[in-house]
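Enquirer: One letter stands for each residue in the lines below.
Number of protein chains: 2
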Amino acid sequence: MMHRLITILLFLTTSLFSYAQSDEVVIRKIYNEALTNGRSYDVLAYLSNQIGGRLAGSPQAAAAVEYTRQVMLDFGFDTVFLQPVMVPRWVRGEVEKGRIVNSKKIGSVKVNICALGNSIGTGIGGISAQIIEVQNFEELVSLGESEVKGKIVFYNRPLDPTLINTFRAYGGAVNQRGGGPVQAAKLGAVGVVVRSMTLSKDDVPHTGATHYQDGVPEIPAVAISTNDADLLSSLLKDDPGLSFYFETHCKMMPDVLSYNVVGEITGSKNPDEYIVVGGHLDSWDNGDGAHDDGAGCVQAIEVLRIFKALGMTPVHSIRAVMFMNEENGLRGGTRYAELAEKNNEKHIAGIESDRGGFTPRGFTIDAEGETLDKIMSWKSLFTPYNADDFLKGGGGADIGPLRSQGSVLIGLYPDSQRYFDYHHSAIDTFDKVNKRELEMGAAAMAALVYLIDHYGL
Amino acid sequence: MMHRLITILLFLTTSLFSYAQSDEVVIRKIYNEALTNGRSYDVLAYLSNQIGGRLAGSPQAAAAVEYTRQVMLDFGFDTVFLQPVMVPRWVRGEVEKGRIVNSKKIGSVKVNICALGNSIGTGIGGISAQIIEVQNFEELVSLGESEVKGKIVFYNRPLDPTLINTFRAYGGAVNQRGGGPVQAAKLGAVGVVVRSMTLSKDDVPHTGATHYQDGVPEIPAVAISTNDADLLSSLLKDDPGLSFYFETHCKMMPDVLSYNVVGEITGSKNPDEYIVVGGHLDSWDNGDGAHDDGAGCVQAIEVLRIFKALGMTPVHSIRAVMFMNEENGLRGGTRYAELAEKNNEKHIAGIESDRGGFTPRGFTIDAEGETLDKIMSWKSLFTPYNADDFLKGGGGADIGPLRSQGSVLIGLYPDSQRYFDYHHSAIDTFDKVNKRELEMGAAAMAALVYLIDHYGL
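Chains E and B supply the protein sequences, listed in that same order.
Residue numbers for the first sequence follow the numbering used here, so the first one is 4 and each next one is one higher.
Residue numbers for the second sequence follow the numbering used here, so the first one is 4 and each next one is one higher.
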């Protein structure tokens, strides 16, 4: 009898949780739970240190699927399931060699390279050709086929250090990496070398996706570090006929089966309406994908764990989704939206964390009018947590395809100063993540999910 | 003739600089200079990696005095000089050993310890005694002399992880370190062990100053890591009679001569009125003092370098001051204010950076009424740089003594999540500092100095 009474009391307490307390109190409890009993850091340690880099289609990606599935089962989420999706399988190969050849000043010099994702390889023996530096496509085009044909094009426009938001700096330079090979190949170039997409000056090359285009020859492309880019540029000033050699064995394999991993707490009143929080589970292969985007994945899981730990039963269903293949295909994000459409799952909002596990400054919000006003009205609730920069802006690549069903898309907006130091490189490792910064990002997302769930959108 | 014309034009350009341009434009130029040509990171590299930990009175502190003097001379500041000041000289000694003795569960276990600054040593052979855990002074006092006499007191109250500003968490725990030995000795304790003042769970002990009191016996005091504190606490639950052993050879030596290092750009109109930016040059000996407070020193130097580089001639004199002996005496800050008083140097404002070289969120301002309103009116100028958290709060320990002459005291307010992970420990090293975060702190201070200089206070 006593037991039953306790059960009833517990049930009442639980179901009344989100209504009986002020938003301030609920959000304070969310932060306290994240900062006191947070699990995101431990989960990220395993994902980074035990599994490591996990490019789509790799054994590590499969391990990450199984691991995060088990973690969410262990946390007792109501449902945990996999969404099958075919993904591209690009492999780097064992060999990556780069060399400045026979420069007047310092002779031949070894250069660390890493192939750009999706690039073809040079094959055994590599390629060696004169290298010419350009800052942008306009400069390349002005050189014309006569100057470019048979050569390697070196894209060397740096990220603009004066931009305070480093994502803007990245956005202003990354077309060299994504579109550089196609533009160079159109003029007959045989290869591409790209300055790494980072603001830091060091010896670490940063990879990232490049894209080919039907009807344009596919040429191999690699990144070099910013220090090596500066060196190469300075040598070219005295030695405009300089050659460069590189060898890569990377290649695209047939598509393979992989999965989005989905954990769910089912809504008490509107179970067929969803709020999704997510990150992408795949990462580049050269580092451990700790910030990009292990952080986003473990934060998404943590959001649901916090709801469970505090006994918060949401009105709508909330899901943590580990999207697969953001880095070189976006197949997981695309598939998730297709299935949502097919299964009549109305997604009222998506929140993605894919800008690193740094101290959250707020959110970027892709919404208009009254919806935007409503979200903006919650801003002051985040002031005590220094996370009240609510800006208009994009949500995230993986949740992007949900736009077609009118979901409000929101991106966690962390401090951006350190992100590109590590991004897509061998130094995107667990030691670069601070426990509290990671936890505060999860707490901010959980607080926003609570508000969206409670007040609707 | 042409040369003279150019000189005149240059002179006009220079002297008109701060009047001919909007505040927005000037501040944008300051940030651009810091983020494009910044030198603070290089100077910090030398201070951290070549000189390292530099406790007041040590050879390293002397090296740091000479190095920063030379840096400021090389940067061409109008005046660079030293202010002699006698400082305490505490030395750690070679030996630091700690051990949990003969516990029931795991026997004897070695524990990393570090002596608290200013502590006496145990002498050769160390001390071994029963150890009792308390959370605070009230609990200690309630135990009374009968329970405390002859024992080692273990202060184990953690920093509160739910406080978003970690300085508040630190402030809520640090009395154990500063006052713990006196409180324990009053009840007859023979030694003190303190849980490290950090929110992170790791194996690194954190030092910091402790204080003795006339008439109370001086007993030796050490810090242990948070992991070891948790271990010790858990062992004590099963084994309340547990003993602890530690040996330290630290001691206080006679005072020695040291210096504040001052660089100055002389004001064009009010050269006898000063705006001072500063940090403290001394650091604890166990790490490299990169964040605490090498960062503040190099940022202060950078503020003046930016003024020089942009040809900005201030109306008032501006000074970069490397204060000596903040960590265990505050002699430098005290002496600086005494000399300012004696030499009729009116200090309209002091800005200190002593909270680490992390992304600046804004400033804490120790002012009232119209003065505070005036500073608050500049807040929006810092919004484009995400540094517009202008809060009422303290300036900094070293500039504190300037309050007696009515100076407005301001502290740079960086993001605080990571600071205490490194603070006063062996891992306060250069690799923990991000170049852009450091530079943005210098830029924020330079912008504020410009506004104070231009509009007065």
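None of these hints come from the bench; they were simulated from the model.
Warning: the hint list may mix true and false statements.
No copy is singled out in the list; a pair is fine if it fits within one copy or between any two copies.
To be verified - Straight-line alpha carbon distances no greater than 25 Å define the calculated SDA-like cross-link-like pairs of lysine to any residue that follow:
| # | residue 1 | residue 2 |
| --- | --- | --- |
| 1 | LYS113 | GLN24 |
| 2 | LYS107 | ASP242 |
| 3 | LYS204 | TYR49 |
| 4 | LYS382 | ARG171 |
| 5 | LYS345 | GLY55 |
| 6 | LYS108 | GLU150 |
| 7 | LYS395 | VAL185 |
| 8 | LYS204 | ARG42 |
| 9 | LYS100 | PRO220 |
| 10 | LYS100 | ALA48 |
| 11 | LYS382 | ASP392 |
| 12 | LYS100 | LEU394 |
| 13 | LYS108 | THR316 |
| 14 | LYS395 | PRO243 |
| 15 | LYS382 | THR165 |
| 16 | LYS435 | GLN408 |
| 17 | LYS113 | ASN230 |
| 18 | LYS100 | ILE430 |
The structure presented is a predicted model; accordingly, all values stated were derived computationally and were not measured.
Enquirer: For every hint, state whether the structure bears it out.
Expert: Here is how each hint holds up against the structure:
Taking the shortest Cα distances, LYS113 and GLN24 never come within 25 Å of each other, neither inside one copy (63 Å) nor across copies (48 Å). Taking the shortest Cα distances, LYS107 and ASP242 sit within 25 Å of each other inside one copy (7 Å), while across copies they are farther apart (73 Å). In this assembly of identical chains, the alpha carbons of LYS204 and TYR49 lie at most 25 Å apart only when taken from different copies (17 Å versus 30 Å within one copy). Taking the shortest alpha-carbon separations for LYS382 and ARG171, both the intra-copy value of 23 Å and the inter-copy value of 23 Å come in at or below 25 Å.
Proximity of LYS345 to GLY55 under the C-alpha cut-off of 25 Å is found in neither arrangement, the shortest distances being 34 Å within a copy and 62 Å between copies. In this homomeric assembly, LYS108 and GLU150 come within 25 Å of each other (Cα to Cα) only inside a single copy, at 24 Å, whereas the closest approach across copies is 76 Å. Within a single copy, LYS395 and VAL185 get their C-alpha atoms no closer than 32 Å, and across copies no closer than 55 Å, so neither meets the 25 Å cut-off. When the C-alpha separation of LYS204 and ARG42 is checked against a cutoff of 25 Å, the pair qualifies only between copies, where the shortest distance is 14 Å, while the shortest distance within a copy is 34 Å.
Taking identical chains as interchangeable, the C-alpha atoms of LYS100 and PRO220 lie at most 25 Å apart only when both belong to the same chain, with a minimum of 22 Å there against 67 Å between chains. Proximity of LYS100 and ALA48 under a CA criterion of 25 Å is satisfied in neither setting, with 31 Å inside one chain copy and 31 Å between copies. In this assembly of identical chains, the alpha carbons of LYS382 and ASP392 lie at most 25 Å apart whether taken from the same copy (8 Å) or from different copies (15 Å). Taking identical chains as interchangeable, the C-alpha atoms of LYS100 and LEU394 are never at most 25 Å apart, the minima being 43 Å within one chain and 53 Å between chains.
Taking the shortest Cα distances, LYS108 and THR316 never come within 25 Å of each other, neither inside one copy (69 Å) nor across copies (42 Å). Neither within a single protomer nor between protomers do LYS395 and PRO243 lie at most 25 Å apart by alpha-carbon distance, with minima of 46 Å and 58 Å respectively. For a Cα distance limit of 25 Å, the shortest separation of LYS382 from THR165 across copies, 20 Å, qualifies, whereas the shortest one inside one copy, 28 Å, does not. For a Cα distance limit of 25 Å, the shortest separation of LYS435 from GLN408 qualifies neither inside one copy, at 37 Å, nor across copies, at 44 Å.
In this assembly of identical chains, the alpha carbons of LYS113 and ASN230 lie at most 25 Å apart only when taken from the same copy (13 Å versus 44 Å across copies). Taking the closest pair of Cα atoms, LYS100 and ILE430 come within 25 Å of each other only inside a single copy of the chain (19 Å); across copies the shortest separation is 35 Å, beyond that limit.
The structure fails hints 1, 5, 7, 10, 12, 13, 14, 16 (numbered hints given earlier, in ascending order).
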